[in-house]
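J.: Sequence:
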Amino acid sequence: MARFKFLVKTGGCSPSGTFSDVWCRIVDWRGMESPEIQIHRIGEEGLEPGTSMTVLLDVPGDYDPVAEIEVRTDNTPEDSFWLLEKIEVTNLDTRDECSFAFNDNSSAGELFSTLNEVVHRRTAPAAEVFWCARDLSVYPDQNHHFLAIMFRNRNAAALMYPEYLTDTDPVNGHYFMTLGGYAEGTGKMMCCQFNQEDDADTFRTYLNTGKFFGSWYDMDYERHLIQPLNGKSELELAESIIRAGKCFMMHENRPEACQQAGNCATFVNSLLAALGYSSGYRTERGTFWVAPCEENLMDISFFSPP
23 MARFKFLVKT GGCSPSGTFS DVWCRIVDWR GMESPEIQIH RIGEEGLEPG TSMTVLLDVP
83 GDYDPVAEIE VRTDNTPEDS FWLLEKIEVT NLDTRDECSF AFNDNSSAGE LFSTLNEVVH
143 RRTAPAAEVF WCARDLSVYP DQNHHFLAIM FRNRNAAALM YPEYLTDTDP VNGHYFMTLG
203 GYAEGTGKMM CCQFNQEDDA DTFRTYLNTG KFFGSWYDMD YERHLIQPLN GKSELELAES
263 IIRAGKCFMM HENRPEACQQ AGNCATFVNS LLAALGYSSG YRTERGTFWV APCEENLMDI
323 SFFSPP
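At position 290 of the sequence shown the residue is numbered 312 (the working numbering), and the sequence of numbers has no breaks.
No lab work stands behind these hints, which were simulated from the structure alone. Where hints are given, some of them may not hold.
To be verified - Beta-carbon label-pair distances, calculated as ranges:
#1 Leu79 x Pro327: 40 to 50 Å
#2 Asn217 x Glu58: 39 to 49 Å
#3 Ala123 x Pro327: 19 to 29 Å
To be verified - Subject to a maximum C-alpha distance of 30 Å in a straight line, what follows is the list of computed BS3-like cross-link-like pairs (lysine-lysine):
#4 Lys254 x Lys108
#5 Lys254 x Lys210
#6 Lys254 x Lys27
Backbone N, C-alpha and C fix where the C-beta goes; we use that ideal spot for every residue, glycine too.
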């Protein structure tokens, strides 16, 4: 049993609220699905426009960070409708928090009525993975490729990689990590480097441009989102990437760096190939501006345990 807090905020542009039953269901990042949870009952004080309601409930099961919510309503009179702006879900046992915005299609909120869909769903990934390209520190006319993982909150970051980084913003802090393929020079053995300083500074600048703009030279940073494969969650993708990078470093005969088949782009391309991503998808995600995707692969067995 887990203790949850639900903060429900309604839109302020509706002429009426709702006195109907309101139910929700939460799904965590591993796919653990809760039973339907009743967060408002007929006969209780109505959800008036532009107001907030907090509900504390015990929900059967043990949950990792919540990644999805669905909301439905019963018994809404045909001549009545209401607007849902957002729901904030807090697991009081783990302190994991997640906010689901329902005002993405309209600033006033999502419309609930008998004329609209019965069930409304929103997702909030616990992590996002990006294939990134930036200027090289020494040669700004050349690109360096790396992977970046941005976590939704501190709990998700600590769960996946305790040495996570942050942009240190006290209000809207971001938690992230990077990894990429490096070598000390041509012919040297490649390594997987986590949170390399230049990669981290580039990603940190992008996350909080207002604070860090001007402190880092890179003006050509670009990133492409990597979607999880079917049946996988964003955190499972992040977990697989971190594990693959660590496995790479377990091998004593790692590939040597070379311009054609042993470089930073080859490293990212090969790692994603090892996870099952198709050549077409990697080509699409790995093409940055005028730079075509790296088509070469190193032996993908390096991303599995020796």
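J.: The structure should be examined with respect to each hint, and the outcome stated for every one.
T.: Comparing the hints with the structure gives:
1. For the hinted restraint 40 to 50 Å between Leu79 and Pro327, the CB-CB distance of approximately 43 Å keeps it satisfied.
2. Distance hint for Asn217 and Glu58: a CB-CB separation of about 42 Å, consistent with the stated range 39 to 49 Å.
3. Checked against the hint of 19 to 29 Å, the pair Ala123 and Pro327 fails, with Cβ atoms roughly 41 Å apart.
4. About 26 Å separates the Cα atoms of Lys254 and Lys108, which keeps this hinted pair within 30 Å; it holds.
5. Straight-line distance between C-alpha atoms of Lys254 and Lys210 comes to about 35 Å, which puts the hinted pair past the 30 Å bound.
6. Our distance criterion of 30 Å between C-alpha atoms is met by Lys254 and Lys27, whose separation comes to about 27 Å.
When the structure is compared with the earlier hints, violations turn up for hints 3 and 5 and for no others.
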